[in-house]
Amino acid sequence: MRWLKTPRQLLETARTRFARASADRLAPHLDLGRRGEQLAADFLLAHGFELVASNFKLGVGRNRRGAVVQAEIDLVAYEGATLCFVEVKTRASDRFAPPEANVDLRKQRQITRAARAYRRALGLAAVPYRYDVVSVLLPPPGAGSHTPAPCLELLRNFWTEKKFRKRRWSENF
17 MRWLKTPRQL
27 LETARTRFAR
37 ASADRLAPHL
47 DLGRRGEQLA
57 ADFLLAHGFE
67 LVASNFKLGV
77 GRNRRGAVVQ
87 AEIDLVAYEG
97 ATLCFVEVKT
107 RASDRFAPPE
117 ANVDLRKQRQ
127 ITRAARAYRR
137 ALGLAAVPYR
147 YDVVSVLLPP
157 PGAGSHTPAP
167 CLELLRNFWT
177 EKKFRKRRWS
187 ENF
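Following my numbering, the numbering of the sequence shown begins with 17 at its first residue and continues without gaps.
Just so you know, the hints here were simulated from the structure itself, not pulled from any lab data.
Treat the hints loosely; a few may be bogus.
Taking lysine-lysine and the DSS-like style, the derived pairs with C-alpha atoms no more than 25 Å apart in a straight line are [to be verified]: (1) 73 - 123; (2) 178 - 73; (3) 179 - 123; (4) 123 - 178; (5) 73 - 179.
DEER-style ranges, computed between Cβ atoms [what the hints assert, rightly or not]: (6) 73 - 139: 29 to 37 Å; (7) 84 - 58: 12 to 20 Å; (8) 140 - 172: 25 to 33 Å; (9) 82 - 44: 14 to 22 Å; (10) 46 - 117: 32 to 40 Å.
Here a beta-carbon is modelled for each residue, glycine too, at the ideal position from N, C-alpha and C.
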């Protein structure tokens, strides 16, 4: 049996085609989110933040079916001595709800768990911290050459950890 291409050549061809296809095409909502995160990072830098990490991913537990639950912190930054865990929410329009409305209780809980693990891993337990949200409105390009400017808003201390602390059974009485 004679191969037209060796298995190694086939694998290499598949890798390059997949890499090219994934780099060229990104789903529109993912592209919108990526552009929003880049704008938010630039916005924070312009307002005196010092960026430490972006897209920090961590497994934070398991769901009821046993699957691993991933949490991602979009941006980790310092504002002065305060460590800020920043969630970036981007929308093309606020017609139905503002972007920050998507930071629901489930998302807050996931980010809080990831932030605890981040602080524990780097020995930052004594460092003051907070949870912020950057709301990005990134309207699509208009007709002609007019492109509307993006609108960014920093919502400091959007939530606290107090509501996620486990209560002891005896505290309920």
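Comparing the hints with the structure gives:
no., hint, verdict
1, 73 - 123, "holds, 13 Å"
2, 178 - 73, "holds, 23 Å"
3, 179 - 123, "holds, 13 Å"
4, 123 - 178, "holds, 15 Å"
5, 73 - 179, "holds, 23 Å"
6, 73 - 139: 29 to 37 Å, "violated, 20 Å"
7, 84 - 58: 12 to 20 Å, "violated, 32 Å"
8, 140 - 172: 25 to 33 Å, "violated, 19 Å"
9, 82 - 44: 14 to 22 Å, "violated, 33 Å"
10, 46 - 117: 32 to 40 Å, "violated, 20 Å"
The structure is inconsistent with the numbered hints 6, 7, 8, 9, 10, although it conforms to all the rest.
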